[in-house]
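**Student:** Starting from the given sequences, assemble the full structure and let the hints guide the process.
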Amino acid sequence: MKINKNKKIELFYSMIRMRMIEEKIAEKYSEQEMRCPVHLSIGQEAIASGICMNLQKKDQVLSAHRSHFHYLAKGGSLKKMISEIYGKETGCAGGKGGSMHLIDIQAGLIAAVPIVGSTIPIGVGLAWANKLDNLKKIVVIFFGEGSTEEGVFYESINFAALHNLPVLFVCENNFYSVYSGLNKRQPKKRKLFNVAESLGVKGISLDGNNVEEIYLKAKKIIKSVQRTNHPFFIELSTYRFLEHCGPNNDDDLEYRPTSEILFWKKKCPIVKYKKKLLKEKVLNSKKLDKIYNEINLEINKSFKFAQKSKFPKNSNLMKNIYA
Amino acid sequence: MLKKNSINKNRFIQYTQAINEALMQSMKLDKKIVILGLGVDDPKRIFGTTNNLIETYGKNRVFDMPTSENAITGFAIGMSLGKYRPVLCHQRVEFALLSMDQIINQAAKWSYMNDGQMSVPIVIRLIIGRGWGQGPQHSQSLESLFANIPGLKVVCPSSAYDAKGMLISSINDNNPVIFFEHRWLHSTYSIVPKKHYSVPIGRSKIVKKGNNLTIVSSSYMTIESLKASEILSNYGINAEVIDLRTLRPLDIKPVLKSLKKTKKLLVVDNGWTQYGISAEIITRVATIKKLNKNLAINRMGIADTPIPSTRNLAKLCYPDCLDICTEVGKILNIKFKNLYSKFKSFRAQDVPNKNFTGPF
Ligand SMILES: Cc1ncc(C[n+]2csc(CCOP(=O)(O)OP(=O)(O)O)c2C)c(N)n1
Ligand SMILES: [Mg+2]
Chain E
0 MKINKNKKIE
10 LFYSMIRMRM
20 IEEKIAEKYS
30 EQEMRCPVHL
40 SIGQEAIASG
50 ICMNLQKKDQ
60 VLSAHRSHFH
70 YLAKGGSLKK
80 MISEIYGKET
90 GCAGGKGGSM
100 HLIDIQAGLI
110 AAVPIVGSTI
120 PIGVGLAWAN
130 KLDNLKKIVV
140 IFFGEGSTEE
150 GVFYESINFA
160 ALHNLPVLFV
170 CENNFYSVYS
180 GLNKRQPKKR
190 KLFNVAESLG
200 VKGISLDGNN
210 VEEIYLKAKK
220 IIKSVQRTNH
230 PFFIELSTYR
240 FLEHCGPNND
250 DDLEYRPTSE
260 ILFWKKKCPI
270 VKYKKKLLKE
280 KVLNSKKLDK
290 IYNEINLEIN
300 KSFKFAQKSK
310 FPKNSNLMKN
320 IYA
Chain W
0 MLKKNSINKN
10 RFIQYTQAIN
20 EALMQSMKLD
30 KKIVILGLGV
40 DDPKRIFGTT
50 NNLIETYGKN
60 RVFDMPTSEN
70 AITGFAIGMS
80 LGKYRPVLCH
90 QRVEFALLSM
100 DQIINQAAKW
110 SYMNDGQMSV
120 PIVIRLIIGR
130 GWGQGPQHSQ
140 SLESLFANIP
150 GLKVVCPSSA
160 YDAKGMLISS
170 INDNNPVIFF
180 EHRWLHSTYS
190 IVPKKHYSVP
200 IGRSKIVKKG
210 NNLTIVSSSY
220 MTIESLKASE
230 ILSNYGINAE
240 VIDLRTLRPL
250 DIKPVLKSLK
260 KTKKLLVVDN
270 GWTQYGISAE
280 IITRVATIKK
290 LNKNLAINRM
300 GIADTPIPST
310 RNLAKLCYPD
320 CLDICTEVGK
330 ILNIKFKNLY
340 SKFKSFRAQD
350 VPNKNFTGPF
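Protein sequences, first through last, are from chains E and W.
For the first sequence, counting from 1, position 296 maps to 295 in numbering that gives the first Met the number 0; every step adds exactly one.
For the second sequence, counting from 1, position 118 maps to 117 in numbering that gives the first Met the number 0; every step adds exactly one.
Because the hints were derived from the structure by calculation, they are not lab data.
Hints may contain errors.
As the list claims (entries may be wrong) - Label pairs and their in silico Cβ distance ranges:
1) K264/E - G57/W: 32 to 38 Å
2) K353/W - K222/E: 51 to 57 Å
3) T282/W - E297/E: 53 to 59 Å
4) R226/E - K353/W: 54 to 60 Å
Yeah, the Cβ is synthetic: ideal placement off N, Cα and C, and Gly gets one too.
**Tutor:** This is how it looks when you write it as structure tokens:
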């Protein structure tokens, strides 16, 4: 399958935009106006971009604590996301959720919650409802490899296989659950997609930093999920560049080997792709500047919007406890 | 229990260090004590509470775990049946909600189900979050949920001294003990003896003597209650403050004794008020015939809503020392002049202390 020039630029744009947004969050976090835990995904751009580029607006996405990119790639409003992190009434959850509870129903980002594994069965349930109503849309559930250690993961995969539900499981394997490496949590050389396969859900393992490959493979997979109503599991290896939670680099803590960090920094999905596109003359420095300027403008606008927005009124506290 | 000369007056240590000492010293005395939990040997060491454990006792006694709370709890129960004494820990209370079957159906029932032939001596350390926008799923005070269950013991020490002594008691106890640590207590200091000592489970404590009214509280709200009593003294009111320390089994006696004197009760719940600790305390008090004439009773707790992330709404959820004074005023029919302007600096913010800058 081929990928046209415009698509390439779109993929690049999506990734660099997400990175620049999170870099701005990291830069401004120390002002102590964004007062909530933030789990930044810098380094993991290719997955959200490559997968979501294949989705239609009606398709639905669920995520976990590290959800900014899924929200953005699915078309979630940047202004509302930044406002949410600032705790403002204009936030996507009215300030009640913070960074760990992003939602943009119109864009199809249905839920993101910070209890590890919790959205997996919820996404399966949503896919079940979609299938019963013959709605012809798919649900994509993004989760970290840590989720695959929770019982509910197995229960959900089992049920999705049993009922042939139109759901795509996307496991972002960045090898760590907070500071705990995979070697302390799972047997050596396990392939997570093999686990899914043994439970009856077909799977594949991909390089999570190769955006074109992800895009192209996911395109096929998503089409087949739509056509056959069968679930699918994609495991993608990738790496988070910053600390687990917060704006900083925490390499000084030495829980990740330096060689490993260097290896993955070299595999930065954006640097790599930029080089490729420059070489292919899809991009040039003039085009790049234009992209950067445009994104910077959007980001600055969104931050200004968030900062200017008001905090929710006191009367909002007791609103919406019940529907 | 303490010999006077064993107290070094200058030995002010942090709550987290007190927990750490309890673990260190207990593990030395009993080789069957093992530590389980995600991150117990990571660079942050559960806010410093598990410092040096792996270095001292090795990787056969300190186990980093998969993100599998339900199974981990089952493993701990199983290990305890094999004569180990596991101490489990979760960085937030909410993560233990994934293991409620193992805790409530299994651990809490074990001894009873087999008529005392086997018990489950495990400790589950749960950390209550608060502040910095942690939001609905990372800042719940769910003590009453656990305190509802026969077969569990539930403790929630509010000082470093009690934390060390009660963790040692919890480890020594032959039953499943839920050990609550409030994140905002982690940074508090008190005088803590160096030696291995225990503070019994099931004893509440008068933390400030007084005779005008009785304030009953637990966990972090004990700190706010003490601050309130300080402010109240400016208005000539001498409050007695009782820290429950253990929620199950509950020691109501000091409360009853205090009420004989004060006839006025304010219960300050660390969590939500409905169906909570205050309901239990007040019922115990109100159903005692000899006592219940002319008692003035009031209660307060967290606003009846999930805790929102935004600090502007979250601050409306948590009562603090000034709100406690206001509720005291309702019992005494007093309106304290300039309370909120004069004692503004006593108010809790969305961080435990000035040094806290996030992110977790
Ligand atoms: C049930 C539960 N257990 C523990 C946690 C604490 N926690 C927050 S994020 C996280 C890491 C999970 O790792 P993974 O799923 O691989 O996601 P990553 O952070 O690597 O993106 C953990 C353990 C939690 N939020 N929920
Ligand atoms: Mg991970």
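**Student:** Which hints, by number, does the structure contradict?
**Tutor:** none
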